[in-house]
Amino acid sequence: MTMAATREGKRGRTARLAPYALVLPGWLWLALFFVAPIASVISMSLMTGGLAAGYTFTFEIGNYARAVELYWEQILRSLLYGGLATLLCVAIGYPVAYWIAFKGGAYKSTYLLLVLLPFFVSFVLRTISWGFILSDNGVVLGTLKSLGLLPGDFGVLNSATAVVFGLAYNFLPFMVLPIYAVLERMDHGVVEAAHDLYAGRVQAFVRVVLPMSLPGVFAGVIMVFIPTSADYVNATVLGGADNTMIGKVIQTQYLVNNAYPLAAAITFILMAALLIGIFSYAKALGTEQVMEVQAR
Amino acid sequence: MTTATETGPGAPDAGASATGSVRRPRGARRRPDWGKYFTWTVLCWLFAPIAFMVVFSFNDIAGRHNVTWEGFTLRWYSDAFAYPDLNVALLNTVTIAVLTMLIAGFLGTLLGLALGRYRFLGQSATNLVMFSAISAPEVVLGASLLSMFLTMNLAVGYWTILIAHVMFSVSFVAITVRARVLTMDPSVEEAARDLGATPLTTFRLVTLPLLVPAITSGGLIAFALSVDDFIITSFVSGSTQTFPLWIWGSTRVGIPPQVNVMGTLIFGLGVLLAVANTVLARRRSR
Numbered sequence: 001m002t003m004a005a006t007r008e009g010k011r012g013r014t015a016r017l018a019p020y021a022l023v024l025p026g027w028l029w030l031a032l033f034f035v036a037p038i039a040s041v042i043s044m045s046l047m048t049g050g051l052a053a054g055y056t057f058t059f060e061i062g063n064y065a066r067a068v069e070l071y072w073e074q075i076l077r078s079l080l081y082g083g084l085a086t087l088l089c090v091a092i093g094y095p096v097a098y099w100i101a102f103k104g105g106a107y108k109s110t111y112l113l114l115v116l117l118p119f120f121v122s123f124v125l126r127t128i129s130w131g132f133i134l135s136d137n138g139v140v141l142g143t144l145k146s147l148g149l150l151p152g153d154f155g156v157l158n159s160a161t162a163v164v165f166g167l168a169y170n171f172l173p174f175m176v177l178p179i180y181a182v183l184e185r186m187d188h189g190v191v192e193a194a195h196d197l198y199a200g201r202v203q204a205f206v207r208v209v210l211p212m213s214l215p216g217v218f219a220g221v222i223m224v225f226i227p228t229s230a231d232y233v234n235a236t237v238l239g240g241a242d243n244t245m246i247g248k249v250i251q252t253q254y255l256v257n258n259a260y261p262l263a264a265a266i267t268f269i270l271m272a273a274l275l276i277g278i279f280s281y282a283k284a285l286g287t288e289q290v291m292e293v294q295a296r
Numbered sequence: 001m002t003t004a005t006e007t008g009p010g011a012p013d014a015g016a017s018a019t020g021s022v023r024r025p026r027g028a029r030r031r032p033d034w035g036k037y038f039t040w041t042v043l044c045w046l047f048a049p050i051a052f053m054v055v056f057s058f059n060d061i062a063g064r065h066n067v068t069w070e071g072f073t074l075r076w077y078s079d080a081f082a083y084p085d086l087n088v089a090l091l092n093t094v095t096i097a098v099l100t101m102l103i104a105g106f107l108g109t110l111l112g113l114a115l116g117r118y119r120f121l122g123q124s125a126t127n128l129v130m131f132s133a134i135s136a137p138e139v140v141l142g143a144s145l146l147s148m149f150l151t152m153n154l155a156v157g158y159w160t161i162l163i164a165h166v167m168f169s170v171s172f173v174a175i176t177v178r179a180r181v182l183t184m185d186p187s188v189e190e191a192a193r194d195l196g197a198t199p200l201t202t203f204r205l206v207t208l209p210l211l212v213p214a215i216t217s218g219g220l221i222a223f224a225l226s227v228d229d230f231i232i233t234s235f236v237s238g239s240t241q242t243f244p245l246w247i248w249g250s251t252r253v254g255i256p257p258q259v260n261v262m263g264t265l266i267f268g269l270g271v272l273l274a275v276a277n278t279v280l281a282r283r284r285s286r
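Heads up: the protein sequence lines correspond to chains A and B, in order. Sequence positions in the first sequence follow our numbering and run 1 to 296. Sequence positions in the second sequence follow our numbering and run 1 to 286.
The set of hints was computed from the structure by calculation and includes no laboratory data. Possibly wrong hints are sitting among the right ones.
Claimed, not checked - With a straight-line cut-off of 35 Å between C-alpha atoms, the simulated DSBU-like cross-links for lysine-lysine are:
no.	chain 1	residue 1	chain 2	residue 2
1	A	K145	B	K36
2	A	K103	B	K36
3	A	K283	A	K248
Take these sequences, add in the hints, and give me the full structure.
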């Protein structure tokens, strides 16, 4: 800090202003199209009015009461499905990241590429493909049924399980990448040291590797939990009418019903629920550190 | 098991894998590599819908109900552009992605440079805003943008999609570039300055070339995010269609095999680019 300051001091005012000139365009873009919209959704959530008459700011807290009263079920379901999908991602993603980082050898980057390749296909297309694969008379269930291995009325779609697995599927790389980044940079000598100190495989993992890789897991949890609990594509394609998530409610209220103030209130509730959790989480870790992990 | 044999002379991971196989001295006791089986099982799971998409792009169906296998055909490849509105959607997706890559690439590079190189007022605020923009749920970003455009009475369409895409991808570019700036050896630039190069010349001939890989990968991330985005786009698109939006819209009437064809071609192109990139990176690191 001080060193940088003195170095800049020598180069004078242009150098001191340089960082501001560099960040200004990006700042403007983020201020206009990220910060201002968030402010606008908050103000809209406190408005009353209709599409024809226009909206006026009346500090209408009632929008929030209505949002909770009507949609508490979808809100809780979204957090639950998001949480389950995140756990599933840890359970699947950690062993994969571990194996690639420690046993991948010269093919580490190839394996990592293989994990990422499916995501070159559009998210919507992937999810719809799952819908086709798992459909009642599709390639898997239809075949098994015609072989008499499954009863005719057996189905996988339109269930919570299908939604949670779909969510975990679509967001797995966000778990694998940060865990891999931490494990890959880990000094493998520490594992050796643990072995030298007579730690067994399990002990070396639980007491050395796992604690050191927790920042990666934390980052992965954030990166998976937020998009999964706010997603509605998986719930719509794989979950049917009984598994609606809050994202779908927001989308419908905005784009179909045009009930903007109510929709804005639901949006704010979702945002607040997620961000409060995340920021206390990030604060405990330090945002720099979390972003550092993401960057790799 | 694999580490013992596959480390080529110049392979970048050679050192890591040599120390990584801690248990090699006792390697005589062969145990099944469960991690490997597990990883391959997960890979099969990851590729299942891709395989479905590719295989069913050759499906000889009569209508638009592409769910059960009816026989092999190449018909859909020769008739890939049968739906004019799908072509328009695809064109929109590509042009928006290219523009997003350029604009977000430029803004993100400047941000990344400033964040990695300098200490300035508002730095932690910038980090915080970028972190929030990356981690905010898409549905919130889409709803917020739409709220603002509605309040401003701004018509949504092509340009609002572009604005949104640059907004959510610029931070990814900035982080990628910042990471490179932070790990860059400052002595190279000092050497240039010692040899009499002006700051601008130093930047053009030394700093920028060193940053190119990071800028490229940041730009590619922006491109990929833009092509793939569905949720935010659905809020700010109005009547403008993109590839994911068109697919979503056609689920009710049935998704024509042309979508599988285009998905397959895009996937193929992605694979090609990724492989080329890996080969180049490997050659560069030798």
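Each hint tested on the structure:
no. : hint            : result
1   : A:K145 - B:K36  : holds (32 Å)
2   : A:K103 - B:K36  : holds (8 Å)
3   : A:K283 - A:K248 : holds (30 Å)
In the structure shown, no violation is registered for any of the earlier numbered hints.
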